[in-house]
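Asks: The task is simple: from the sequences and hints, build the whole structure.
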Amino acid sequence: MKTFVLTVSKTFPKSHKRAGQQTWFVEKINEAGMPISDEPIMGKKTHTIRSNYEFWEKRAKQINDGKAILSIRYWNGKPYNSKQVEFCQLSQIGVQKLTFYNNDINCPYVYEEDGVANYPIYGIEQIAKNDGLSLSDFKEWFKHYDLSKPMAIIHFTSFRY
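Under the numbering used here, think of the first position of the sequence shown as 2, with each following residue one higher.
Rather than coming from a laboratory, the hints here were simulated on the basis of the structure.
Some clues are possibly wrong.
Claimed, not checked - Calculated lysine-lysine pairs in the DSS-like style (CA-CA distance at most 27 Å, straight line): (1) K18 - K84; (2) K29 - K98; (3) K144 - K18.
Unchecked claim - Beta-carbon label-pair distances, calculated as ranges: (4) P14 - V117: 29 to 39 Å; (5) S83 - V117: 40 to 50 Å; (6) Y123 - M2: 26 to 36 Å; (7) F56 - S16: 15 to 25 Å; (8) V117 - N65: 12 to 22 Å; (9) D66 - K144: 32 to 42 Å; (10) N31 - Y102: 32 to 42 Å; (11) Q85 - V117: 31 to 41 Å; (12) D105 - S16: 15 to 25 Å.
Just so it is clear, the structure is predicted and the values come from calculations on it, not from any experiment.
Positions of the beta carbon are idealized from the N, C-alpha and C atoms, including for glycine.
Replies: Structure, rendered in structure tokens:
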């Protein structure tokens, strides 16, 4: 069986205004209920958003057909220069296409799995929250992404928009 790896960041990237601070993504994915530091862990991370929708759509099909698993990992130290630590495996995931009207992060379109676009029943605030980020952190995280290209919302739970 194939294993597809998805890594999540334990800290905000260098390009983010909160560079080096904890994201708590691992804890949010695991739905940890207790703070590990003085900074509260707020909410859950029920999905992640990645570029290259078509790539993730194909991977999701293989996972959901029982031909692969998704191994969710974090870097033990500096990304790409340290070992990855697996903390979760999934045998079922959801993938929805995400686009932005006029490349505006404030105007998301989330597509149902049958390809129908929904102008935000859920706004960008809810998408950011489900991604484990505040709205300002979400906008900062994606400020360098090409919003003209479809992105993939990779769901870790049965929730769909």
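Asks: Hint by hint, note whether the structure agrees.
Replies: Verification of the hints:
As the CA atoms of K18 and K84 are separated by approximately 26 Å, the hinted pair is consistent with the 27 Å bound. Distance check on the hinted pair: K29 and K98 sit about 22 Å apart at the alpha-carbon level, within 27 Å; holds. The suggested pairing of K144 with K18 holds, with an alpha-carbon distance near 11 Å, which does not exceed 27 Å. Against the hinted window of 29 to 39 Å, the Cβ-Cβ separation of P14 and V117 comes to about 33 Å, which satisfies the hint.
Between S83 and V117 the CB atoms are about 42 Å apart, so this pair conforms to the stated range of 40 to 50 Å. Checked against the hint of 26 to 36 Å, the C-beta distance between Y123 and M2 comes to roughly 34 Å, which is consistent with it. Under the hint 15 to 25 Å, the C-beta atoms of F56 and S16, about 22 Å apart, fit the expected range. For the pair V117 and N65, the beta carbons lie near 19 Å from each other, so the given range of 12 to 22 Å is met.
Against the hinted window of 32 to 42 Å, the Cβ-Cβ separation of D66 and K144 comes to about 36 Å, which satisfies the hint. Here the CB-CB span from N31 to Y102 is close to 34 Å, well matched to the stated 32 to 42 Å. Restraint check, Q85 to V117: a C-beta distance of roughly 36 Å satisfies the suggested window 31 to 41 Å. Separated by about 20 Å at the C-beta atoms, D105 and S16 satisfy the suggested range of 15 to 25 Å.
Of the numbered hints given earlier, the model fails none.
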